Amino acid sequence: MAMPAFLVEFLQALAAGVTVGGAYALMCIGLGIIFGSMRVINFAQGDFLMLGMYVAFYLTTGYGILAFLGPYAGPIIGAFLAGPVVFAVGWVAHRFIVSRVTGVGAAASEGAGAYGQIIVTLGLSLILQNGGLILLGSTPTGIRTPLSRSSWEIGPILLNQARVVSFLVAVALVIAVYLFLARTRAGKGLRAAADNSTAATYMGIDVDRAHRIAWSLGVGITAVAGGLLASSQSFQPYVGFDFVIVMYAGVVLGGLGSILGAFWGGLLIGIVQQMSTLVLPYQLQNTAIFVVFLLIIFLRPQGLFGRLSERT
Amino acid sequence: MKNGPTRREFGSGLVLAGTMGLGLRPAMAQTREAKVAMIAPLSGPWARQGQLMRLGADMALDEINEKGGIKALDGAKMTVVAADAGDSTEKAKNAAQRVLAQNEDLVGGTGAWLSSFTLAVTEVTERAQLPWLTLSYSGLITNRGFKFIFQTSPTADRQAAETVPAALELAERATGKRPKTVGILMDNTASPVSFAKPLREGGFDKLGLKLVVDQIFTPPLSDATPLVEKLRAARPDFLLLPISSMPDNKLVLEKLYEFGLGKGRLPLVGNGAPFGSPELKKVIGPELLEGLLFSVADWPFKGQEELIERFKKRTGEPWMTQDSLTTYGDVWIFKEALERAGTIDRVKVADAIRAMNMTDGPAKSVFPGPIKFDDKGRRQDVPLIFAQWQKGEPVTVFPTDLALGKPYWLAS
Amino acid sequence: MSSSVARQSWAILAGRVVVLLLSLAIKSAYYQLVLTQVLLWAVLSLAWNILCGYSGYFSFGHAAFWGLGAYTVALGMINFDLTPWLGIPLAAIVGGLAGAVIGFPTFRLRGHYFALAMLAYPLATLYVFQWLGYQEISLPMKREAPVLYMQFADPRAYVVLALGLLVAALLISLLVENSRFGRALLAIKQNEPAAEAAGIDTWRWKMRAITLSGALAGMAGGLYGVLLLVVTPESVFGMLVSAQPLILALFGGIGSLWGPLIGAVVLVPLAEGLNGELGDVLPGIQGVVYGVAIIAIILCAPEGVYWRLRDRFAKPRVEPRPTAKPASAPAIAPEPRSIDGADLLVLRNIGISFGGLRALDRIDLAVRTGSLHGIIGPNGAGKTTLFNVIDGFLAPDAGSVSFAGTPLAGLRPNQVCRRGIGRTFQVVRAFPRMTVLENVIVGAFVGARDDRAAEQMARAALDRVGLADRASAIAGGLTTRELRLMELARALAPQPRLILLDETLAGLGHDDLAGILGVIRQVRDEGVTVLIIEHTMQAMVRLVDEFSVLDHGRLIAAGRPDEIVRDRRVIEAYLGRRWMNRVADALA
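Protein chains in written order, with this note's numbering: chain C, 1 to 312; chain B, 1 to 412; chain D, 1 to 588.
Derived from the structure by calculation, the hints contain no laboratory data. A quick note: this is a predicted structure, and the numbers were derived from the prediction, not measured. Watch out, some of these pointers could steer you wrong.
[What the hints assert, rightly or not] Estimated spans, in silico, between C-beta atoms of each pair:
(1) B/357 to D/80: 40 to 46 Å
(2) B/309 to C/62: 26 to 32 Å
(3) C/70 to B/65: 48 to 54 Å
We put the beta carbon where it would ideally sit given N, CA and C, even for glycine.
Next up, chain C with everything else stripped away, as it sits in the complex (with noise of 0.2 Å):
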């Protein structure tokens, strides 16, 4: 039985959509909470994403350390691992640089902090691009595996295997992300620390060490997405331009400050982005990303799943 063109063509577009729209789900996930817990707009975000990437092309295809794993292990294990490292790294970052002009010491000096924020972030992103070349190279490069050239069939879809394991992995990652906020002590003291930070002060939360943990929790996922994506793509030091408006079209359209709606914010951002070949020329591809979260700001501003109202 075979399907008609535009059938195919529709699913196909639609598979393309949701397993891209994984690895954009995670990473705008790490920007969700972020933003949600330090009303942040943390315009490094791509970059750390960018250090993802490396971190796991130099575990597997650099330096080998996960070879034993084999070429299909290798790059998951490897972009899970680009994690901790990226926390450790956005630990440092916010210990010294970053929590110098946000959470409450910051808030309490007339907007300061919210200015502060975007130059230091701003430069945080110059320091980190241009680091990475000193440091890193400017050859583009990325990890080799089967997994992005192969793909696994339902009838005439061809779902790519590396996509569909980093849409498999940030979903697992999602549960665990939600799991942490609302069951463990930190995590409450995350979301506490993030919905009033002056009151959850006075109940003893440190709402510093709170806000480290969550920046770093941040990047450090949204650098798994990276690590994810090296296997599915070609990188170099500068690429994390490229998903910077991904990552912000996805928080707002799921919701500022929803983990949940950061989710499916990515994921309908993935969507929207492939699926609109089916009627856009390709060249809009990201125009349509933009024209959805415009719409997304002015008929819901509070997105699928955010608040209604956001405290000034």
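Here the structure of chain C is known, so what remains is to put chains B and D in place on it, guided by the hints.
Okay, now just chains B and D, sitting in the frame of chain C:
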């Protein structure tokens, strides 16, 4: 209350004076030197290309100076002043202006890889009457009525006019059948756009080809699935791939393979040097690339074997790419021009280049066809090179007298 | 005020002449190019500052205006042979229009949402221009009539042009800063709902700001296109272009006249210098150094260099602190006065829901002219929601509000204010660096014909609340009591007939409380009807003539204080028996 203004004005004046101190380099007047500028992206997303260009330039410099420098200038040494075009046209233009301001005795220059950077840079160099060589092949570069720009690559529309018939011929010879339908998958940067334009506007019709899939994407490509799905549905007889960045190539080639269109099931013809980059091999592996044909303005060809070996030994690169090769050649062209002009007067050097009709010599050995520029600065009647991935390395296969390997049409 | 403006204008023009002479002395074409870029980026940053620095609405999308300006000039020249002398003014118009078109839907958003939405516009436009085939366009060289097409052989001509734009931008910023325009924007930044309630048509001012900002940015972008001669979507619509004015303004001093210029003068040559010196030596190091530099500076001077320097070097105002004299406070409330007079404010059957929650249900309220009416209730009862309905911030889904006989349905808050209703807000956000008088003038604009009248009204209001001697004090040094009084003065400045006080007494100590109570009573005695929300019963009991008690969105009791404290329902809902006994004794 606001006593800021006067202080700020003074302050801004001070800073201005301060910046004048920045970057002042002592003028090297005494030692006779012939200086050539190289403006290319050394930082930013295209830093690798600038690095490759520099490798070629440095090798040429060393050879020229070891052999005694510019004889017509009493053995004056050649030097290359490198400047970073960065990641924006503003930076590229600033680099050009800076290099000119800080080196009043520049005789010429080469660069800037990205066609928009080349456009910006040459606006400056034209007004400074500095002869400029470039490998960028967008037609706009030499369509502005400029007198001091020399494009070593055939323009994109000319490349298109040659690529397709050559591919058709190869196909017909190999399979006995002439392809009837064609697809294009390309990005929307200037060179592919000017490559494809004449083809769409009647070029295909003249060759008896029907365009059945025509997809343009904005780089960087996020995922090639919807693109390749359309190809799978339409199954053209062969596919043109004018794609200018390696990461996008990787996505497309792997997706084609994944969809069962690799290994010749959908014959491919690429255009542009990124198809032959060592990074591509590192990232997707030689098996997927075997048999991939691409056209390019310049690629190591017959007669350059010794040059290639020297380059590989010196730099550790697996092979020489267009960026290194043509920049190497550009420096040699300037050497020749200086010999002929006998002076470091840039206008005379430009005249020398304009008058060139080199059919031999080290500069000529780098480029296919004679070194001769028309009044627009273009090289006419030079063959386009075709290279093919064979056994993990792209080798020139066409024109036959320049070939280092035999072409075959990968189809099954 | 105006003398300071005149002085600064002369400073600007004089400074320009200095820079001009200096630039003519510079011989290197390279430095002239960089100087031109410094000036152009300064103009963009000033344009950005007009919208964002003053109003607090952060835009990450000014590249949209800049890019449209550049393309207008470029495409005009390529397709219509239009000279940039006309093209650049046209670019200003295009930029202004774009500002209006973008502002119209986007101003419904606030804070981060607004900033992120603005991010989307230039990037979406970028892809559209690439799709349209404008990846690389190059302004044709006009050898025959170069001056006609702004193609000067001498790069200093561009410096002069850019300087002209900069002077215009500075003068415009100066005018904005010192006029009602600037004050309205600052009021919006400080507390938009309060500004709206004070009668400022926030919508209109924001639209004006973005249109002006877009026009300036478009003009600068047009000249940029002429300067670079090559226009690509990335170079004029890209993220870096949007980030640049932000970085410059934040570095130099946001919301100030000189900040963007300081930022441009320091950072643009710094970046270019780094590129030049280090770019070919160790590619990438220039980006690292630049990143480190801006982080270091912003940590030292979070609001920008200008404010930091001003705080350190500006002569501090020394105000003699007046000896505190608390207003006389009677220990027991005087006899409730009989109030005659028509109902000034009438609410009938007001209801409103949020999602599934019925926040207000069947509220009937009548406030008589000249009375002091209290609204009381536990937290979450809906008191502030009620004020928001009266004021026009929320539209009820049932019922009606009428003021002096005419309905208020559908009116925006600033229009409600114009009808004669003033309002204070719980969280007082003053401008710490401005004087008390300047803070209060904001409130006076709505009724005043001009700035002078506004100042007089502000002084009168300060007098009424007893802060007249603190008029020139810097607001950052005020006590809580004084802040509350200043807020009250702001609400009183336009001489409203009815004033809504939102938790004015919250958190005040005993003496301060007595003082403010006295002021409120005084205000009422002068003929202003007062409607006050509180939840501290003790203070209210001494103050008001009448009570309405809200609980869970419903009116559970209304009447005189002595009746209310004995009302069963009120006690159950709110007071508690022990409390009641204490108060009942006080009233007995």
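Right, here's what the structure says about each hint:
1. B/357 to D/80: 40 to 46 Å: 41 Å, holds
2. B/309 to C/62: 26 to 32 Å: 28 Å, holds
3. C/70 to B/65: 48 to 54 Å: For residue 70 of chain C and residue 65 of chain B the Cβ distance comes to about 51 Å; the hint holds.
Checked against the numbered hints above, the structure violates none of them.
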